[in-house]
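Listed below, chain by chain, are the residues.
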Amino acid sequence: MNSSRLFSGSFSLRELHPATIVTVVFLIAYPSFASNFFILQIGAYSLILGTIALSLMMLAGYGGMVSLAQLTVAGLAAYLMAILGDNSMGVMGLGWPWWLTVIVSVLGAALFSTFIGAVSVRTEGIYTIMITLAVAVAFFYFVRQNYVLFNGFTGFAGVEPPTLFGVYWRDPVPFYYLTLTVAAGFFFAVYYCARSTFGLGLQAIRDNPRRMRALGFNITLHRIVAYFFAGVIAGFAGVLLVWFNGRVSPGTIGVDVAIDILVIAVVGGMRHPIGPFIGAIAFVLLENFAIDLIDRERFNMVIGTAFLLVVLFSPDGLLGLWNRFRDRFRFRGNALLGAERVNKDDPASTGSLEKS
Amino acid sequence: MRSFVERHTFWAIVILLAAVLFLWMIFAVWPEWLIDTLGRKKTFVNTLLNGVTLGGLYFLVASGFTLIFGLMRNVNLAHGSMYLLGAYIGYEVADRTGSWFFGLAIAFIAVAISGILLQYLVFRRMAGDDLRQTLVTIGISIIAADAMLAIWTGTTYQFSPPDWLFGAADLPIISVIRSSGDAVYIKYPIYRLAVLLVAVAVGVALWVFLNRTRIGMMIRAGVNDRDMLAASGVNVQMVFVLVFAIGAGLAGFAGVIGGTALSVAPGEDIRYLLASLVVVIVGGLGSITGAAIGALIIGLAEQFGLAYFPTYGVVLTFLIMVVVLAVRPQGLMGGR
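Sequences listed follow chains X and R, in order. For the first sequence, this note's numbering gives the first residue as 1, with consecutive numbering after it. For the second sequence, this note's numbering gives the first residue as 1001, with consecutive numbering after it.
Keep in mind that the hints were calculated from the coordinates and are not lab data. Everything numeric in this text was worked out from a predicted model, so none of it was measured. Beta carbons: idealized from backbone N, C-alpha and C, even for Gly. Accuracy of the hints is not assured; some may be wrong.
Unchecked claim - Some chain R residues judged to face chain X by a derived CB distance under 8 Å, without partners named: (1) V1075; (2) I1142; (3) A1147; (4) I1151; (5) V1236; (6) E1268; (7) I1270.
I would like the entire structure built from these sequences, with the hints used as guidance.
Right, dumping it as structure tokens:
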């Protein structure tokens, strides 16, 4: 198989749905009417979390590999930014130029992700969750213990994006557009990838690894390459995350946060790359405004309950809920048929995510 | 054993030599050059004992995890929460009644009941859907962790075990010989030795239960072929409930034992979940023997890592996991 065909797919502008155009216009115009808090704390933050969750969605939705270590990968990129670039803690901070730091951080994260992939693809199904969770927890304890490289419990602070073209990129509006560009870029990349030969191969491997192996596909390589791409996505998100927070510490990559990423991806829906972003918006809104409803301390309870309800009653997440609603509306009186159609027609439905 | 020696004579000799060297390092008085390279003998022996007792504790937690998986293919990621729940309940009961043993018993029973509820209300509804079960247990563990934080706050609790478990015992291992000619013996906390003893006892009891009783036979049959077991007239659902109760109960039991050896605080659930995960990944899912071997390896690795290269201790544990996965993806004792 030659490499130019590997990523080829088909895409035409005529397939654009009006809702897509409305969303795009809304996202671009968003800073013109939203306050700084909404631009940064809601908008940009959702996009960053959504991008990390997107890397998980790509692995889990198309590859059937639920990796809990995607936040760890993003966290490694964030740490590398602080270690190779500048920070205000007096530990490490090699002072490399920003563009080199970004490239090395993302590549480092991608290689780490590839490594995790190489370790975990030898086993299947439920093992993947266990191994990646173990990696995530081990990395968390490692950075907390290690003071030489990772400055232990305190972590790093004072990591800032560069001032470029006379714009300070940490200001709300430029930062929002930066995250939007990255998120949208990866969204379309994943969307396109799913229809490319590689993406279709990955989905076929998810559904029936034995048949694909018999057809002559190298299924281990496909999976590891998927981990590499997911690592690139998560790495960029990690760079944005450290610029957003200005600091990175073991708390940033804690297990609870890693599980939050899973919650975001599952609540949003793993059938379509838009799912993680919907999940991230819901999560961030809930995180910021649940205080008004209940005690802030009990936020995890709310998130846990929401997650549990989604997993129990709508395995496809909010997206699945919407599709079911739409189908019921279309096939009124024949709702069962509609529900079945969703699962059978869409190869990316969670129905086929389980191992056969 | 005999066939192993015949088939792999070279490795048998290597293992034998390593064992002899190990025993010599434990019982002999260290010469100067060894002290120069490894530090004091006391540190070494204490680390070794700490590792073995920690391994015992990990075995208590992980055996329940692996038992549940072995029979039902359920990955119960709420297992760490069960550990912590057991510790808290045990603490409350022991604190109110003044009896540590009563607390231990109640923790076992209460967590076993919570396990039965989990099996009955959650797992039975989604049999065969591994991924969903795992996600549900993650959700449950988030809620449980938060609920426990709400009830017991972030305070660290300390158990008070019976007096005779307190204190330290002299071990028949000479640490150094003073210039006056007196031998200094190594002291070790009695409670930690008791933990090891309990772990061994539980391990033996589980082995006897699984290999020498009728119910154990049903469980083993269920591990191999669940449908055939059901077809031969056994109420599989009852066996599932029983296994879940034992597995969860062991987590609660370990909560009190481990909580007494160390302390009880939020975040311990994640620590012991990690321990169980790594132990069963290394040892092989579904195997009690594997859990014992894995727990011993991980306990030792953790303690030696902590003592000899503090900032990279976790990496050692992780490396062991990676090496095992690279060589034997199904774990040391895993079947399939």
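These are the hints, each one checked on the structure:
no. : hint  : verdict
1   : V1075 : 5 Å, holds
2   : I1142 : 3 Å, holds
3   : A1147 : 7 Å, holds
4   : I1151 : 12 Å, violated
5   : V1236 : 20 Å, violated
6   : E1268 : 12 Å, violated
7   : I1270 : 5 Å, holds
In summary, the structure is inconsistent with hints 4, 5 and 6 from the numbered list given earlier, while agreeing with the others.
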